[in-house]
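In case you want the letters, here they are:
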Amino acid sequence: MPHITSSKTQPTYDVIVVGSGAGGGQTAYTLTMEGAKVLMLEAGRNYDPVKETPMFQTNAQAPLRGASTPDKPFGFHDSTVDGGWQVPGEPYTSASSDPAQKFWWWRARMLGGRTNHWGRISLRNGPYDFKPYSRDGLGMDWPLSYEDLAPYYDKTEMLVGIYGTNTGLENTPDSPDGCLLPPPKMRAGELLAQHRAKKLGIPVTHIHRAVLSVKQDADKLPAKIHPKNVKAQRVLAQAMRERQACFWATPCGRGCSIKANYQSTTVHLPPALATGNLDILTDAMVRAVIVDDSGKATGVSYIDRKTKQEYTVKARVVVLAASSAESVRILLNSKSPRFPNGLANSSGLVGKYIMDTVGARLGGQIPALENLPVHNEDGAGGAHVYVPWWLYKEQHAGKLGFARGYHIEFESGRRMPGMGATGGVESLTGGNYGKQFKEDARRYYGSFMGFAGRGEMIPNDDSFCELDPTVKDKWGIPVLRFHWKWSEHETRQAAHMQKTFVEIIESMGGKAGKPDATGAQAIEPGGKIIHEVGGTIMGADPKKSVTNQWCQTWDVKNLFVTDGGAFCSNADKNPTLTIMALAWRSTDYMLEEMRKGNL
Amino acid sequence: MDRRSAIKWMLTAAASVAVMDRAAMAAEGTATAGVGYGTDPDLVKVYKPGDVWPLTFNATQRRSATALCDVIIPADDKSPAASKVGVPDFVDEWISAPYPGHDADKKTVLEGLAWIDAEAQKRFSNDFADLVLKQKSAICDDICSYGKAKPEFKQAAQFFRKFRDLTAGGFYSTPEGMKDIGYVGNVAITTYEGPTPEALKHLGLA
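Chains as they are written, first to last, in our numbering: chain D, 1 to 599; chain W, 600 to 805.
Next comes chain D alone, as it looks inside the complex:
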């Protein structure tokens, strides 16, 4: 079973998975390894990172030196295909014209979705993060605990390959031996920050990222990941052997032709295809889930983007993993006389409590980094260090004025020069040209650092999406309309980030940019950090949630949502690792229910 076209689909499948990113990839992987017959539908085109990734291409080889454009918002060589905050012909709308109340919705239209370009930061949620309501009375508790998910974090880390280190810090879980790969050494600016910030009580430590710092142990890991499943072990061992260790060049956002980092297209899908149990149909834009008279899902309808024809495919179980908001859209568009408000929506909560990560940044110039002896700082194509949230006790004692924490990511290093190579040097030199300008360019190159806060947002009643009553996309499918509002917990958190960044920069002897004391200016728009979660939140009460702890919808038992939609809080930890672990746990339950004949 392979990549197919609409005319080659089977009459029925065990499971249809809508979406091919972190959630869909993990779901299809787990199902096919256990023998289930799966059809994966992807709205975008087929994509092969081995052939299509621009490894080693320089900015001078790209139009506009690789600078961002509306066609490629993260720069020319970013892996994203047909995506961005705007997708031509596939609009979304905002209920408010106020920029502060707009949600920026990032989509990709390619196999593997957003996993091809993501930052690869892979942090476990901690015990507090699953029980935030119990801890401070805000938001909602998850209907599962850290201990419930921990075994799946272990397996996910071993499967995808994550470098990092255990810190023993509060609410920052350690991984068991054998899960993490060794972290790369810190870069010059990162080391300096670690040294200086220590005096401020701010811990700079190795970040966790989904990059193979060394090759995976293909002899041992498969048996740990798939005990008692000899075929799965064999298939996975082969897939692991085809992945190479990082060779410390080329930014991860371009994708990776040697499969050294995690993207669904290099890690989840090749072994899933190798089982012979997976059909992948790309260019399939799902419109709705189909239900029978008893209210059970029987399949989905989709539009073939190439022929513009509509088709129906059938399965025992339907899984939505189309991205949180896209899955919401499919559910709301799945209207029938029995479900006039959309499917799985008896609670009225489909589309409610969407969240992003709180983001704010500040830069500074660090004289100690000027004229640094020349050396290669490419490293792992992304972050090496971060600051985990370090003020749990002060916060819990009510001393901070906002309820949830953030971590800090760093931008530093002597990166491949592009259009920003000398931008603004005039501010340091007074403005010159000629040989002096060339000397100044050498002096200041690599002496700038940026600090980006990534914080927890508390779900609120004012941040949700619904169907726009009039606007449809080019396929005739009603689009989403977003409502958005940050609360003071988020803006005050952003203000605290700004203050902290100034302290770190000044501790390094640097000059910080102008901070925003209120946080309202510094905070990025909703959706900008691309950590879109919620909208089909899980819970213990069918009246107050859309799914149970297994990502199974309360209303339709053979319908699951395994993207970030089930998140009922959004810890500062980047969501992708948790999406995968949660999808794996959900899929194990799904398989068990299928074996028992309950699905």
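Source of the hints: derived by calculation from the structure; they are not laboratory data. Bear in mind that the values here come from a model prediction, so they are computed numbers and not experimental data. Incorrect hints may appear among the rest.
For each label pair, taking beta carbons as the anchor points, the in silico distance ranges come out as [what the hints assert, rightly or not]:
no. : chain 1 : residue 1 : chain 2 : residue 2 : range
1   : D       : K185      : W       : L732      : 55 to 63 Å
2   : D       : E506      : W       : D676      : 31 to 39 Å
3   : W       : Q757      : D       : T5        : 42 to 50 Å
4   : D       : K296      : W       : K647      : 53 to 61 Å
5   : W       : K753      : D       : D98       : 53 to 61 Å
6   : W       : G637      : D       : K51       : 16 to 24 Å
7   : D       : I4        : W       : Q757      : 50 to 58 Å
8   : W       : Q720      : D       : L200      : 54 to 62 Å
9   : W       : K647      : D       : K215      : 33 to 41 Å
10  : D       : R595      : W       : V783      : 51 to 59 Å
11  : D       : K474      : W       : A658      : 43 to 51 Å
If you want a taste of the chain W side facing chain D, the calculated C-beta under 10 Å gives, among others [what the hints assert, rightly or not]:
no. : residue
12  : F656
13  : L709
14  : F723
15  : V731
By construction, the Cβ of each residue, glycine as well, lies at the ideal position given by its N, Cα and C atoms.
With chain D held as given, fit chain W onto it using these hints.
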């Protein structure tokens, strides 16, 4: 732009965030597909100016731009002059691009190049490209610093800053420019060793 906001801007530009924001916001509600390179270009291919959209400079503009590029980045013992590595073509590509913001840069650059030739005629009765370096410098000294420029040169100083950013971005992204500025990455290596002992010593962390 004051020093602090300039630093903020520079950092942001270095991370391509501000540019990205502008591009993304400008994209709202506008169809861009089919105008530029589109949302699914071949990423592995090597492009050169003029491959995707037509260029703008006429012979006079190209000559002036070339001369100004080389005043900003002349040859020295570390690297060649900007024009020797195709920077004027890149500036032309940039101002000719069908994306938001580039039309404003086109206006700035074309009017600036016309101004600098007119100024050269006024002061030295010659085109800018035909001046000797001392004469070129006399003009550039008046416009190379926006903060210090006299009121009558403010607009030209704005042009100069834009042109310098484009020249530098174009230059330092070439192999010669990367080598000059001290970028030695983009090569496959077996282990990542972190900062060299010399770099650690420089930081006081050895």
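For each hint, the structure was consulted:
1. K185(D) with L732(W): 55 to 63 Å: Because 46 Å falls outside the window, the suggested range is violated.
2. E506(D) with D676(W): 31 to 39 Å: holds, 37 Å
3. Q757(W) with T5(D): 42 to 50 Å: Given about 55 Å between the Cβ atoms, the range is violated.
4. K296(D) with K647(W): 53 to 61 Å: The hint (53 to 61 Å, Cβ to Cβ) holds, given that K296(D) and K647(W) are roughly 58 Å apart.
5. K753(W) with D98(D): 53 to 61 Å: violated, 35 Å
6. G637(W) with K51(D): 16 to 24 Å: holds, 19 Å
7. I4(D) with Q757(W): 50 to 58 Å: holds, 57 Å
8. Q720(W) with L200(D): 54 to 62 Å: holds, 59 Å
9. K647(W) with K215(D): 33 to 41 Å: For K215(D) against K647(W), whose Cβ atoms are near 38 Å apart, the range 33 to 41 Å holds.
10. R595(D) with V783(W): 51 to 59 Å: About 56 Å separates the Cβ atoms of R595(D) and V783(W), which means 51 to 59 Å holds.
11. K474(D) with A658(W): 43 to 51 Å: Since K474(D) and A658(W) have Cβ atoms about 44 Å apart, the given range 43 to 51 Å holds.
12. F656: F656(W) check fails; min Cβ-Cβ to chain D is 16 Å, beyond 10 Å.
13. L709: With a closest approach of 18 Å, the L709(W) hint is violated.
14. F723: violated, 18 Å
15. V731: This hint is violated: V731(W) lies away from chain D, its Cβ roughly 14 Å from the closest one there, beyond 10 Å.
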